[in-house]
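So the sequence shown is residues 1 to 408, counted in this note's numbering.
Rather than coming from a laboratory, the hints here were simulated on the basis of the structure. Note that the structure is predicted; figures quoted are calculated from it, not measured. Any given hint could be a false lead.
20 angstroms max Cα-Cα, derived SDA-like pairs, lysine to any residue [said to hold, decoys possible]:
no.: 1; residue 1: K145; residue 2: R221
no.: 2; residue 1: K145; residue 2: E224
no.: 3; residue 1: K273; residue 2: A262
no.: 4; residue 1: K246; residue 2: K342
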Amino acid sequence: MKRPVSLLSFQLTSAALALSLLAGCGEKEDPIKQCNAGTGPLYAVTTQLLTTDTPQSYVILTDKAEQAGTLSLDNATEVPGRALGVGIPKSGSLYVVSDENATVTRYTLTSGGCLEESGTVSFSGKGISSLGEYQNNFQFVSATKAYYFDGTTAQVVIWNPTEMKVTGSIALDELTIPGTTMAFSGAPLVLDNQIIMPVGWRPTSGVGITKKAAVVTIDTRTDEAFITTDNRCGYTHDAAVGPDGKVYIATEVYGAAVYRVAGGDTPVPCLLKFDPQSHTFDASFYKELSALVGGGTAGALIPGPQGTAYVRVLDESIAPVSEGTHPRIVASGTGWQWWQLKLDTLAATRMTDFPSTTGSVFLYESENQTLYTEFAAGAASTTLHVLGESGKATVSTQGLSFSFLQLR
Numbered sequence: 001m002k003r004p005v006s007l008l009s010f011q012l013t014s015a016a017l018a019l020s021l022l023a024g025c026g027e028k029e030d031p032i033k034q035c036n037a038g039t040g041p042l043y044a045v046t047t048q049l050l051t052t053d054t055p056q057s058y059v060i061l062t063d064k065a066e067q068a069g070t071l072s073l074d075n076a077t078e079v080p081g082r083a084l085g086v087g088i089p090k091s092g093s094l095y096v097v098s099d100e101n102a103t104v105t106r107y108t109l110t111s112g113g114c115l116e117e118s119g120t121v122s123f124s125g126k127g128i129s130s131l132g133e134y135q136n137n138f139q140f141v142s143a144t145k146a147y148y149f150d151g152t153t154a155q156v157v158i159w160n161p162t163e164m165k166v167t168g169s170i171a172l173d174e175l176t177i178p179g180t181t182m183a184f185s186g187a188p189l190v191l192d193n194q195i196i197m198p199v200g201w202r203p204t205s206g207v208g209i210t211k212k213a214a215v216v217t218i219d220t221r222t223d224e225a226f227i228t229t230d231n232r233c234g235y236t237h238d239a240a241v242g243p244d245g246k247v248y249i250a251t252e253v254y255g256a257a258v259y260r261v262a263g264g265d266t267p268v269p270c271l272l273k274f275d276p277q278s279h280t281f282d283a284s285f286y287k288e289l290s291a292l293v294g295g296g297t298a299g300a301l302i303p304g305p306q307g308t309a310y311v312r313v314l315d316e317s318i319a320p321v322s323e324g325t326h327p328r329i330v331a332s333g334t335g336w337q338w339w340q341l342k343l344d345t346l347a348a349t350r351m352t353d354f355p356s357t358t359g360s361v362f363l364y365e366s367e368n369q370t371l372y373t374e375f376a377a378g379a380a381s382t383t384l385h386v387l388g389e390s391g392k393a394t395v396s397t398q399g400l401s402f403s404f405l406q407l408r
């Protein structure tokens, strides 16, 4: 659900703030006692259940994100609507938002491993009525400075996570294109004093992709924004840094699925090169993604190890595409292979030890691993896998988990 999601603000009583996982934390006493004491790694997983008319989300605390198992919702904290849990890793604070309003609620981890509400801030004064999209629409520069990239209003809200107050905003009116929906990437890059945020558009109605790529670069020292556009690609939401220090930007899997289903004037899924110092696209660099992987439907650029990135390629022997299939179904299908692309030579190799999975993935950092998501059909569940180690599966939970944060 790459539109990256809007989330709800919610009021949680202290008794409901106890979150547990797997086998739980012992006897079922007062819920406030069902915390996760100790000093080891602790994670907050927020999952969205979309199988009913009224979406509900749950925040789960677990210390076993790197182990195989199933997370229980029995003692999780319920949040109305589609929620995200964001924050600075290992800081002990979780900021929860939802698509029902514009309020950010902060929870602080106590010495006993409980979460306690410790402040709220509203973005409604900036004309925002709903929060969400992707976890990475929230970018934390420090304990006292963070950004929220809002696609609906084409702006970046600047706020202080310690004082819980809005301190400013950056207008991005140039990104507004009539008749389209603009979406920020769910996987921006953070470089020295810069946030590199790819941008893509699709028509407001119907199935299609707008032939336009863009990058918003925020100087985190000055809050100055640089907007760079290119008309050769579309839905360029994925990015990775190459050995040359340049940023490679590609059409994400949904854009590739639209090209496969709709064809016609749909932009060919492609790869561009962006210079983060001059804020320019390389006019001489343009590669069709399919040509790099031996043909077929290809999309995405997921950062990999040592100057590489992963491209996803659809295996239609596993996931055949029928006439009239919606691109979202294709993108979320399970037939997407993993290919590793060297960003210096652009040589690509299929990772045959990686199982084919759903096309759209998010990357999460745990104590010792980089994990990626695999979403089950019908938004029924999410399983985390190790990026490497042949895609070994770790924990699973009901619903769609679009956010994951290591609290300690």
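Consistency of the hints with the structure:
For the hint linking K145 to R221, the alpha-carbon distance of about 10 angstroms falls within 20 angstroms, and the restraint holds. The hinted pair formed by K145 and E224 meets the criterion: a straight-line CA distance of about 14 angstroms does not exceed 20 angstroms. Straight-line distance between C-alpha atoms of K273 and A262 comes to about 26 angstroms, which puts the hinted pair past the 20 angstroms bound. Annotation: proposed proximity of K246 to K342 holds, straight-line Cα distance about 13 angstroms (limit 20 angstroms).
Against the hints set out earlier in the document, a violation occurs for number 3 only.
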